[in-house]
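Participant: Letter by letter, the chains look like this.
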Amino acid sequence: MSLSARERSTIDLDRYSDYLNGRQRRARISHAIFLAILVVAVAALATLLYTVINDSFGLTAVVNETDPEVVIEEAGYDPATVTFTDLSRVQLVDVLAGGITRNVGRRLEREQRFFEDRLVFEGPAEWDAICAAEEPPTGCNAPARDRGSIIALVEERLVQPTVVATYDLVPSLLEREAIVAEIAANHPDARVEFRSWLSAGFVTKPQSANPQVAGVRTALLGSLWVIGVTIVFSVPVGIGAAIYLEEFAPRNRISRFIQTNINNLAGVPSIIYGMLGLAVLVRGLGPIMSGDSGSGRTVLAAGLTLGLLILPIIIIASQEAIRAVPNSLRQAGLALGATRWQTVRSHILPAAFPGVMTGTILAVARAVGETAPLIVVGASTFITTDPTSIFSKFTALPIQIYQWTSRPQDEFRNIAAAAILVLLVLLLTLNGAAVILRNRYSRKA
Amino acid sequence: MTTAFVSRRRRPGEAVIKALLFLCGALSIATTIGIVFVLGREAWLFFGSSEVGFADFFGSTRWQPQTRDFGIWALVLGTVITSVIAMIVAIPLGLASAIYLSEYASERIRGVFKPVLEVLAGIPTVVYGYFALTFMTPLLRSLLGVDTVEIFNDASAGIVVGILVTPLISSLAEDALHAVPASLREAAYGLGATKLEVATRIVVPAALSGIAAAVVVAVSRAVGETMVVAIAAGASPKNFRLGEDSLFGYLLNPFVAGETMTGHIARISGGDLSYNSIDYNSIFAIGLTLFVITLLLNVISRRIVERFREVYE
Numbered sequence: 001m002s003l004s005a006r007e008r009s010t011i012d013l014d015r016y017s018d019y020l021n022g023r024q025r026r027a028r029i030s031h032a033i034f035l036a037i038l039v040v041a042v043a044a045l046a047t048l049l050y051t052v053i054n055d056s057f058g059l060t061a062v063v064n065e066t067d068p069e070v071v072i073e074e075a076g077y078d079p080a081t082v083t084f085t086d087l088s089r090v091q092l093v094d095v096l097a098g099g100i101t102r103n104v105g106r107r108l109e110r111e112q113r114f115f116e117d118r119l120v121f122e123g124p125a126e127w128d129a130i131c132a133a134e135e136p137p138t139g140c141n142a143p144a145r146d147r148g149s150i151i152a153l154v155e156e157r158l159v160q161p162t163v164v165a166t167y168d169l170v171p172s173l174l175e176r177e178a179i180v181a182e183i184a185a186n187h188p189d190a191r192v193e194f195r196s197w198l199s200a201g202f203v204t205k206p207q208s209a210n211p212q213v214a215g216v217r218t219a220l221l222g223s224l225w226v227i228g229v230t231i232v233f234s235v236p237v238g239i240g241a242a243i244y245l246e247e248f249a250p251r252n253r254i255s256r257f258i259q260t261n262i263n264n265l266a267g268v269p270s271i272i273y274g275m276l277g278l279a280v281l282v283r284g285l286g287p288i289m290s291g292d293s294g295s296g297r298t299v300l301a302a303g304l305t306l307g308l309l310i311l312p313i314i315i316i317a318s319q320e321a322i323r324a325v326p327n328s329l330r331q332a333g334l335a336l337g338a339t340r341w342q343t344v345r346s347h348i349l350p351a352a353f354p355g356v357m358t359g360t361i362l363a364v365a366r367a368v369g370e371t372a373p374l375i376v377v378g379a380s381t382f383i384t385t386d387p388t389s390i391f392s393k394f395t396a397l398p399i400q401i402y403q404w405t406s407r408p409q410d411e412f413r414n415i416a417a418a419a420i421l422v423l424l425v426l427l428l429t430l431n432g433a434a435v436i437l438r439n440r441y442s443r444k445a
Numbered sequence: 001m002t003t004a005f006v007s008r009r010r011r012p013g014e015a016v017i018k019a020l021l022f023l024c025g026a027l028s029i030a031t032t033i034g035i036v037f038v039l040g041r042e043a044w045l046f047f048g049s050s051e052v053g054f055a056d057f058f059g060s061t062r063w064q065p066q067t068r069d070f071g072i073w074a075l076v077l078g079t080v081i082t083s084v085i086a087m088i089v090a091i092p093l094g095l096a097s098a099i100y101l102s103e104y105a106s107e108r109i110r111g112v113f114k115p116v117l118e119v120l121a122g123i124p125t126v127v128y129g130y131f132a133l134t135f136m137t138p139l140l141r142s143l144l145g146v147d148t149v150e151i152f153n154d155a156s157a158g159i160v161v162g163i164l165v166t167p168l169i170s171s172l173a174e175d176a177l178h179a180v181p182a183s184l185r186e187a188a189y190g191l192g193a194t195k196l197e198v199a200t201r202i203v204v205p206a207a208l209s210g211i212a213a214a215v216v217v218a219v220s221r222a223v224g225e226t227m228v229v230a231i232a233a234g235a236s237p238k239n240f241r242l243g244e245d246s247l248f249g250y251l252l253n254p255f256v257a258g259e260t261m262t263g264h265i266a267r268i269s270g271g272d273l274s275y276n277s278i279d280y281n282s283i284f285a286i287g288l289t290l291f292v293i294t295l296l297l298n299v300i301s302r303r304i305v306e307r308f309r310e311v312y313e
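As you go down the protein sequences, you meet chains E and V in turn.
Sequential numbering of the first sequence, starting at 1, is according to the working numbering.
Sequential numbering of the second sequence, starting at 1, is according to the working numbering.
Take the hints with a grain of salt, since some may be wrong.
[Stated by the list, open to error] Just some of the chain V residues that point at chain E, by a computed CB distance under 8 Å:
(1) Ile17
(2) Lys18
(3) Glu42
(4) Ser60
(5) Thr61
(6) Val116
(7) Leu117
(8) Lys195
(9) Gly224
(10) Thr289
(11) Leu290
Keep in mind that the hints were calculated from the coordinates and are not lab data.
Don't be surprised by glycine CBs; every beta carbon is placed ideally from N, CA and C.
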């Protein structure tokens, strides 16, 4: 039995339309899958930010060794009207001196003095002897402690607040009663307070071993000093190299080699640059990096290491910006009798400037967040004095985050999160500047 | 009759500037030489010392500086496990994002998602490390059980490294997809192909060299990534004995601690490190291994692009 031509074509058409529908269904499903996967990538960012913010705020249970009111009363002031912030520097130092042993005081003074013009815990003759030593303590050269850091010391040494429990933001908001009840049951003498770990005090206080009073000022200033050195070194050199490769370099083997080499350097892991800095700058050129006979683990060594790290990025970005300048500009300049450098300086660089700056800012932002090379170069693990020159020992914001994250206690996790927020705000500012430049640039073009 | 003589004036300033600019460019070569020299010299001292040898370094599977065991494979194992996990996460995420952004997304959707991926790429790695330890590890432990998943483990670090390199794959792959001429897509649509068919049978094969290069670069980035593994993967190398240790219970188990090459360098150099010690030299031997691996990967990636790129008129 055979089908007529007409019947056969109906069957084919049915099969064909099934086939078509299948293809289209697969296309629709895959569309949804692709979109879902992209959303997962974005959700990762959201989760990351959620984790950081969730840890930066929340309820804490704090137990004071001595309440601030008692400290003030023992020092002879009226706790009803006076708080630490009402006292002068001299009064605060007196309060502190009354509450700590002479040995602790001497250690603090060696770390950083309390007054520029007089000593509190040490005799002048002894002090001169201490400072004449081979490696004098930081207190000999660093400026005196400011009022804020003395208040922090009084709180740390006399009040001695200890966090006995901390809670994340979301449970703190949703299950407040349960948490308060739990704290009351476990730590009857604890004070429950809602705490923003990120605060003005957090940014202005120096580092401390007590997370309750620790701040990121030392680390933030350290980061700014290091980045300052990085910028001064790598921006002119990077732009110079880009100009050479785009405008001056003959098309020969050496130029090609330099170019390939730069591309390869951009792919070298950052920790390798740290090892280069450690062996060449810190160990080899240690005396130069410290300005005297120090260890070489200084702001200068760290800044130069990060400078070498972002150099290839700056060069590649600047090259692209310079390449985008229309050739007519070059030809016009040269035709009028300008030399190559005159053409570059007064025509090409101004035209390429926004692009160069955008790339440079993004590279600097990368350096701000780099941690691994600084660990290897030897950022100080614990340091409470602000850096004062390029020869200072230093710590940096990412290093601080790393150290606090590595501590098992919950409250260190909280201040690590708060420090991350400070770092992200710093980076957001830099990236914002880059975006503004890019927008101005693209409007002009 | 007067004749104007136009002669080439000597310009010493111009030559000085050119020389200075050349020095800026040459500094990159000095950097490379510095890296190779430093790593090579210290590694040479390491291999030359009486306590270790070449055969020990590449033949042993235990890294225990206390007992003078320096077998790189224990650290390589950690690096391989975290990198493989990272790629399992990053390749599908990155490629699907790239295909969606390049082939499906409207301008408005691109305008939302692209900046988000750029932000993701700009977040410092130490923040990802924090994320791994305070979010990913507790998540894995609550999903799979506290007994299965240790506090420090390669799985958590690997997944987060994967998230970290996703924007890199996505942006490089998208560039490659974007470079495929529109005429190819239009021809396929003209023949009645669906979007999926155009994407997977026309555009992706045409951009395959760029996509492969993107993946290789991402592998290199994952191998060299330090902070996430230093924070989340633990501080003990995964010493093993082939044939004795259970393959899936320990050797390839991603839920136990396993220090990577980069993590070990960071941990050792973060402590008090004295020069001329075997520990100091050993991290340079690891660094040299790492440098060679990443350099090879980057060269391979560039070769792929050069050799297999389809050129369209």
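Participant: Please go over all the hints and tell whether each is borne out by the structure.
Facilitator: Status of the hints after comparison with the structure:
1. Interface restraint check: isoleucine 17 of chain V against chain E, minimum CB-CB distance 5 Å, threshold 8 Å, status holds.
2. With a cut of 8 Å, the hint placing lysine 18 of chain V at the interface with chain E holds, because the nearest CB-to-CB distance is about 5 Å.
3. Hint status for glutamate 42 of chain V relative to chain E: holds, with the closest Cβ pair at about 7 Å, below 8 Å.
4. Interface restraint check for serine 60 of chain V: the shortest CB-CB distance to chain E comes to about 23 Å, outside 8 Å, so the restraint is violated.
5. The criterion of a C-beta within 8 Å of any C-beta in chain E is not met by threonine 61 of chain V, whose closest approach is roughly 23 Å, and the hint is violated.
6. Here the hint on valine 116 of chain V is kept, as its CB sits about 5 Å from the closest CB of chain E, short of 8 Å.
7. Because the smallest distance between the Cβ of leucine 117 of chain V and any Cβ of chain E comes to about 7 Å, under 8 Å, the interface hint for this residue holds.
8. Checking lysine 195 of chain V against chain E: minimum C-beta separation of about 5 Å stays under 8 Å; hint holds.
9. Interface restraint check for glycine 224 of chain V: the shortest CB-CB distance to chain E comes to about 3 Å, inside 8 Å, so the restraint holds.
10. Taking 8 Å as the C-beta contact cut-off toward chain E, the hint placing threonine 289 of chain V at the interface is violated, the least distance being around 11 Å.
11. The criterion of a C-beta within 8 Å of any C-beta in chain E is met by leucine 290 of chain V, whose closest approach is roughly 6 Å, and the hint holds.
Of the numbered hints listed earlier, those contradicted by the structure are 4, 5, 10.
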